[in-house]
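Asks: Sequence:
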Amino acid sequence: MGGTLEGCEMMKEKSLIRFQKWMARGSLLAGVCWGIFFSFYFMEESIPDKIRIEKGREENFDFHLPVTGELDQAGLEVFGNQSPTVEKDKIKLDLNQSFSLKSQEQGSYSITCRLFGLFHMKEVNVEVVEQEQVVPCGIPVGIYVKTDGILIIGTGTVTGSDGMNYEPAENLVKSGDYVKTVNDQVMESKEDLIETINQCQGEPVILGILREEEYIQLKLQPVQTAEEEYKLGIWVRDDLAGVGTLTFYDEQNQYGALGHPVSDLDTGTQVNMGEGTLYDAEIAGITKGEKGNPGEIAGVITYLDQYRLGTVEENTSVGIYGNLEKIPEKAGGESFSPVGFKQEIEEGEARIISTVSGERKEYSIVITDLDYNSENKGILFQVTDPELLNLTGGIVQGMSGSPIIQNGKVIGAVTHVFVQDASKGYGIFIENMLGR
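Residue numbering for the sequence shown follows the working numbering, starting at 5 and increasing by one per position.
Hints may be right or wrong, so weigh each one.
[What the hints assert, rightly or not] Taking lysine-lysine pairs in the PhoX-like style, the calculated list, with each CA pair at most 25 angstroms apart, reads: (1) Lys365 / Lys150; (2) Lys126 / Lys54; (3) Lys126 / Lys184; (4) Lys194 / Lys184; (5) Lys292 / Lys381; (6) Lys94 / Lys126; (7) Lys150 / Lys106; (8) Lys334 / Lys295; (9) Lys413 / Lys106; (10) Lys96 / Lys150; (11) Lys178 / Lys295; (12) Lys150 / Lys178; (13) Lys126 / Lys150; (14) Lys178 / Lys106; (15) Lys413 / Lys428; (16) Lys365 / Lys381; (17) Lys54 / Lys96.
No lab work stands behind these hints: they were computed from the structure.
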């Protein structure tokens, strides 16, 4: 019996050792797999999804990655330290060495990237464009827009004329929905909506709702709250206003601003915009940014024709756009600057243009990192200018759209601030704003 127990203990010990070895090998294998995945992801993100180059100009690239590129021979010329090979009308590139691209014709081309020349990694779009230049502004503007449809920001309880509480819209409509019609009648404003609901005399109504990109119809029962008054228990908005920063305008007086979309404060969603107007604005005060509080600019907008600057026509993920009907006096004159593409940007010193002091000025920053594939957080920077740090603490809300300048070129615009450190912020590549 004793021998049997001893044998069992030895078997258990051997099994435990085997299990520990198996776990160690499994951990090692998982670590290797994770390392390979992380390395692949890092290399993939180190190569832009899209490259823009100026027609007739040689653009330099230096990725230093064990990746090969393959592109059509027609249209693009390749220069650099390497001697690209041509196979079946395809140019082979070694992305571990520096190279340059040049084209005399506008157009789009594609580079197929492979890790170690074997594993497909990604397709890089190369777009050849004409030389671009813009006037960098950095001045405050007032933005007033009507929503395309009536925005629902929430639902609530209504007290009926019988003294009972009702929630007629609960679990039917959602925050961020847009009311487009009531009983097939188009709603132009929240006043239209209120009047139409009152006219229903308590009969059920069919709301035509735009939810994200889907049009749906919902049946709701209005609640009578007083004589000739009926409610659906929804909170709505049909316009919004705020102060932002004008980033640039071009030779056709088309402008871009903000570097991010206009979003509704309550729903957090990008606003479906109807018509809009751009106004001159004045800075009334600044709440300095502190840890946990990004701070903000308080502005004053005067809604009079003499302060009207132009139209707001597009609200996109990379900013708002429209036409200037007159050039703002504070915009810095018609001093055009060339546009710098993402491959030209260097980590190190740069400047932002802002009017936070009441005067349009340039302030020093340091670019600390670049993410070529981010939509509007591609430039990571830190404010180093003592005057700006003393005035605002760094970046505050309302500075979104402030142009970023490096080596005499407009390279981007401020978009976001670090909530825990107002001296740090993100910026969007200017080519993302121009190429929307």
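Asks: Confirm or reject each hint.
Replies: Hint check:
1. Lys365 / Lys150: Violated, at about 32 angstroms.
2. Lys126 / Lys54: Distance ~11 angstroms between lysine 126 and lysine 54 Cα, so the pair holds.
3. Lys126 / Lys184: violated, 41 angstroms
4. Lys194 / Lys184: Distance of about 11 angstroms is within 25 angstroms: holds.
5. Lys292 / Lys381: At roughly 22 angstroms apart (the allowed maximum being 25 angstroms), lysine 381 and lysine 292 satisfy the hint.
6. Lys94 / Lys126: Cα-Cα ~17 angstroms, so holds.
7. Lys150 / Lys106: violated, 45 angstroms
8. Lys334 / Lys295: violated, 32 angstroms
9. Lys413 / Lys106: With a Cα-Cα distance of about 20 angstroms, the restraint between lysine 413 and lysine 106 holds, given a limit of 25 angstroms.
10. Lys96 / Lys150: violated, 52 angstroms
11. Lys178 / Lys295: violated, 34 angstroms
12. Lys150 / Lys178: Holds: lysine 150 and lysine 178 sit about 20 angstroms apart, inside 25 angstroms.
13. Lys126 / Lys150: Answer violated: lysine 126 to lysine 150 is near 41 angstroms, above 25 angstroms.
14. Lys178 / Lys106: Distance of about 51 angstroms is beyond 25 angstroms: violated.
15. Lys413 / Lys428: The hint holds at about 22 angstroms.
16. Lys365 / Lys381: With Cα atoms ~23 angstroms apart, lysine 365 and lysine 381 stay inside 25 angstroms; holds.
17. Lys54 / Lys96: With a Cα-Cα distance of about 18 angstroms, the restraint between lysine 54 and lysine 96 holds, given a limit of 25 angstroms.
Going through the hint list in order, the structure does not satisfy hints 1, 3, 7, 8, 10, 11, 13, 14.
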